[in-house]
Amino acid sequence: MNNNILIFFVASPLQIIIADSIKKQFYTDKNHKKIKAFLVCYSRPLSKIPIESKWDSIVHLLPPRKNPNRGLFGVSSKILENLLLIHSMLDSKSSINIFAASYDSETLNYFVSFFRKTRNSCFFHLIPDGLLNLVINAKTPSNMFLKKLRWFRRLYDSNLQYTNYMGDRLGSEAEFIKTIYTIPGILTNYSKEKTREISFLKKGPKSSKFYSDQNKVLIVGQPLLGFKLVTIDQCNAISTRIFDWLVLNNFNEVYYKKHPRDCNSNLYHKSYELIKDDIIIEEYMQKNFFKYVIGVHSSVLIFAKQIYGEMSTVISFGMDRVLFKNNELKARLTETYKNLDIVIK
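If you want the working numbering, it's the position in the sequence shown, counting the first as 1, plus 10.
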């Protein structure tokens with residue numbers, strides 16, 4: 011029998027790194043031999059990324075809404091299939107800890123009531139997802155109403171019970187959340203009693219050889235168009251500003267990393283050298299030095315500053331053109347960048 015089972019639901023490369031760090035923390039705090047850790051990936055792009063960290067099992071789940079089973083109740087059928095798949099992997103007498111960046115989606119929410127009903131000991135934790143954690147995004151009344159309609163899925167199967175909660179969409183204010191993990195350098199409004207900081211970057215002094223190349227520039231892409239944060243004209247204007255700045259400063263060794271969820275390669279120019287899609291940029295930066303790291307408002311800019319410190323200049327271009335859905339987010343992001351000496355142009 012395993013005393014502890016850890017299940018991490020992840021949807022981005024960043025979440026994979028964070029999950030591995032939390033797992034290692036559990037291994038340190040408790041008897042390693044009595045812990046099993048499972049990684050559940052529910053984003054299609056993650057299937058292309060080689061996962062180097064060790065897990066007892068890695069499972070790829072398809073989101074029910076985008077990948078329903080055949081038939082009239084295809085989404086409900088897919089949700090139930092996912093529940094039973096994960097349930098079949100677990101020891102029935104073990105205590106389980108669930109980790110996810112949000113409990114709002116159909117992919118994850120049904121696990122809350124399902125595990126509470128089928129397990130004697132079950133705990134839920136919230137893991138960070140970059141800049142989304144800067145502010146609390148409260149659910150709207152219309153959103154709450156639509157979620158209540160998911161009650162009818164119980165008519166298909168009694169295991170399909172959606173867990174409604176008030177407040178923050180991610181679940182930080184939900185009563186079932188035991189721990190909220192946060193990233194150093196990213197300010198949050200979460201309950202201090204529940205928060206626990208998790209460091210996942212390898213910091214500390216590096217050899218002079220690591221910093222020897224003073225000409226490399228990294229451009230960090232974002233799904234600006236895909237997430238409707240800018241218009242096409244605004245996106246092109248930001249890309250042009252970045253390119254013109256590079257030409258003006260005579261940089262010719264420029265690397266570009268596309269965001270996993272960006273099908274448009276925003277901010278890319280044909281003269282940039284592409285970093286492969288299956289590389290996790292947060293890990294890559296810890297092994298490769300860039301004198302300049304440039305983006306718009308990606309959390310990678312924060313991590314770059316934490317990794318390289320004063321040895322690198324991190325620049326945000328075009329944040330004034332971004333259509334922020336939340337003015338508080340823009341204000342807190344600006345404050346965070348200024349605190350870390352990230353240049354805003």
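I should point out that these hints are in silico values taken from the structure, not numbers from a laboratory. A portion of the hints provided could be inaccurate.
In silico DSS-like pairs for lysine-lysine, Cα to Cα no more than 25 Å straight-line [to be verified]:
hint, residue 1, residue 2
1, 219, 34
2, 219, 204
3, 76, 33
4, 188, 33
5, 64, 297
6, 44, 34
7, 64, 34
8, 301, 280
Derived Cβ-Cβ restraints for the label pairs, each shown as a range [said to hold, decoys possible]:
hint, residue 1, residue 2, range
9, 275, 254, 12 to 22 Å
10, 320, 257, 18 to 28 Å
11, 84, 349, 28 to 38 Å
12, 94, 275, 54 to 64 Å
13, 297, 68, 17 to 27 Å
14, 130, 336, 13 to 23 Å
Please read these numbers as outputs of a predicted model, since none were measured by experiment. Every residue, glycine too, gets a C-beta built ideally from N, C-alpha and C.
Hints and how they fare:
About 29 Å separates the Cα atoms of residue 219 and residue 34, which puts this hinted pair outside 25 Å; it is violated. Only pairs whose Cα atoms come within 25 Å are accepted, and residue 219 paired with residue 204 is rejected, the gap being roughly 41 Å. For the suggested pair residue 76 and residue 33, the alpha carbons sit about 30 Å apart, so the restraint of at most 25 Å is broken. Distance restraint check for residue 188 and residue 33: the Cα-Cα separation of roughly 16 Å lies within the 25 Å cut-off, and the hinted pair is therefore satisfied.
Distance check on the hinted pair: residue 64 and residue 297 sit about 20 Å apart at the alpha-carbon level, within 25 Å; holds. For the given pair, residue 44 sits about 13 Å from residue 34 by alpha-carbon distance, which is consistent with the 25 Å threshold. Straight-line distance between C-alpha atoms of residue 64 and residue 34 comes to about 10 Å, which keeps the hinted pair within the 25 Å bound. For the hint pairing residue 301 with residue 280, the CA-to-CA distance comes to about 21 Å; that is within 25 Å, so the pair holds.
Separation of residue 275 from residue 254 is about 19 Å and conforms to the stated range, judged on CB atoms against 12 to 22 Å. Between residue 320 and residue 257 the C-beta distance comes to about 26 Å, which sits within the given range of 18 to 28 Å. A hinted range of 28 to 38 Å is violated for the C-beta pair residue 84 and residue 349, which are about 48 Å apart. Between residue 94 and residue 275 the C-beta distance comes to about 38 Å, which lies outside the given range of 54 to 64 Å.
Range check, residue 297 to residue 68: Cβ separation about 23 Å, and the 17 to 27 Å hint holds. Between residue 130 and residue 336 the beta carbon distance is about 40 Å. The supplied range of 13 to 23 Å is therefore violated.
In this structure, the earlier hints numbered 1, 2, 3, 11, 12 and 14 are contradicted, and the remaining ones agree with it.
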